[in-house]
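**Q** Sequence:
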Amino acid sequence: MRGGKTFPFYFFAGGCRGMRLLHLLLLTAWGLVENLDKAVRSKNPGVYADWVALKGKWQRPEDALPPSPRRKVAFLLMGRSGLLFESAWRAFFQAGDPALFTVHMHLTERHTTPKGADFGFWEKHMVDRQNTSWCKLEPARFELAARALEDANVSHLVWLSGDSVPVKTLEQVHASVTATDASTFCRDQRHPQRMRAEMWAIWSRPHAGLLVRNQDKLYRLFDGVSGACYDEDFYVNQLSVLGEQASMRQACPMWTHWIEKHGYPRDAPAPTLLSDSCSTKNPSQNMHPAMFYTVCPAGIMELVESPAVLFARKFFRDAKIDHGTTDWTDSHGNQRYEPLASFISHTLALVPEDPERGVRPPKARQRLLRPKTVADLRHEI
Numbered sequence: 066m067r068g069g070k071t072f073p074f075y076f077f078a079g080g081c082r083g084m085r086l087l088h089l090l091l092l093t094a095w096g097l098v099e100n101l102d103k104a105v106r107s108k109n110p111g112v113y114a115d116w117v118a119l120k121g122k123w124q125r126p127e128d129a130l131p132p133s134p135r136r137k138v139a140f141l142l143m144g145r146s147g148l149l150f151e152s153a154w155r156a157f158f159q160a161g162d163p164a165l166f167t168v169h170m171h172l173t174e175r176h177t178t179p180k181g182a183d184f185g186f187w188e189k190h191m192v193d194r195q196n197t198s199w200c201k202l203e204p205a206r207f208e209l210a211a212r213a214l215e216d217a218n219v220s221h222l223v224w225l226s227g228d229s230v231p232v233k234t235l236e237q238v239h240a241s242v243t244a245t246d247a248s249t250f251c252r253d254q255r256h257p258q259r260m261r262a263e264m265w266a267i268w269s270r271p272h273a274g275l276l277v278r279n280q281d282k283l284y285r286l287f288d289g290v291s292g293a294c295y296d297e298d299f300y301v302n303q304l305s306v307l308g309e310q311a312s313m314r315q316a317c318p319m320w321t322h323w324i325e326k327h328g329y330p331r332d333a334p335a336p337t338l339l340s341d342s343c344s345t346k347n348p349s350q351n352m353h354p355a356m357f358y359t360v361c362p363a364g365i366m367e368l369v370e371s372p373a374v375l376f377a378r379k380f381f382r383d384a385k386i387d388h389g390t391t392d393w394t395d396s397h398g399n400q401r402y403e404p405l406a407s408f409i410s411h412t413l414a415l416v417p418e419d420p421e422r423g424v425r426p427p428k429a430r431q432r433l434l435r436p437k438t439v440a441d442l443r444h445e446i
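In our numbering, the protein residues as written are 66 to 446.
There may be inaccurate statements among the hints.
[As the list claims (entries may be wrong)] List time: in silico BS3-like cross-link candidates among lysine-lysine, alpha-carbon distance up to 27 Å:
hint : residue 1 : residue 2
1    : K282      : K103
2    : K233      : K108
3    : K120      : K108
4    : K103      : K120
5    : K122      : K233
6    : K282      : K120
7    : K233      : K189
8    : K122      : K108
9    : K122      : K103
It should be emphasised that the hints constitute simulated quantities derived from the structure, not laboratory data. Remember, predicted model here, so these are calculated numbers, not experimental data.
Required output: the full structure, derived from the provided sequences and hints.
**A** Here it is in structure tokens:
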């Protein structure tokens, strides 16, 4: 990996509590780069001057946005060994109009096919595995972006996490994303001088072309800048330096629950979802957002019904919807608890309606999918 300090991959992938503590101590030792532009400018003035020189000169014909009727959205999925909610994402894409989108995926580990997964569907969307580490996923991101830009009708690139779920249909996402020519970033509101943003952003075609072509300059800009997280710090500041503020909008299309001091806003508050009576979760910490295990239907519906939210994270692999009554049963005989992917697929009408799914008198061989405790699931983080 080029430049800067690098954590071993096992920190990114999670691990035991001791590793997590060491991870936190190392980040604390690094400190928060409050004024990122100043830090980059003083550390690498020559490269900074080269970057500033791009202002007003970087656009190329292939960066032009396609006409509205032909615009496609490129969905760029990033996971470890697969997608935690593969069936929901497969249904999301299969229910969509193929003329509206392309899909590309990068996995940091060897792909393992979960039960019921259609590996053949995903294999054709894979890009070559890149060398990545915690806070330095850029080799994979640039590979995915370059692949997406090969289609001249792609107007926007949407970044998606492997532990997320869609909360809108593909047609709804397409309409929302292509309604603007701008890029969308979920920015840290508590540290404005840092000018960082969550990596689950939406890039416009012009910005994606600029970033992919000049990725080597970006790496050299951050060479030796302590405390920088490439995934969050690479983009907003550098685009702002080039005068692109008017082409960037603040919004958080990927709903995530961070602790307040982390700074990332919540465009769509979800009081029901966050209440203890609705959900069980691993609480948000300094470096990780909250991770949900069980959620009540009304909580997820807050996100489904919010115009500002297109996707949501983070959820455990075994996340379930708690219908609150054993009278609720699905067609497999599961009582009360429904897999999150199934609920999303049916709620968004991505799959045919199941007449056996819903509240009805219990059958003799039905089984209760009683959740494990959050403590039992910490190894999945």
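**Q** Each hint should be assessed against the structure and marked as holding or not.
**A** Going down the list of hints, with the structure as the test:
no., hint, result
1, K282 x K103, "holds, 17 Å"
2, K233 x K108, "violated, 43 Å"
3, K120 x K108, "holds, 20 Å"
4, K103 x K120, "holds, 18 Å"
5, K122 x K233, "violated, 37 Å"
6, K282 x K120, "holds, 14 Å"
7, K233 x K189, "holds, 24 Å"
8, K122 x K108, "holds, 24 Å"
9, K122 x K103, "holds, 23 Å"
The earlier numbered hints that this structure contradicts are 2 and 5.
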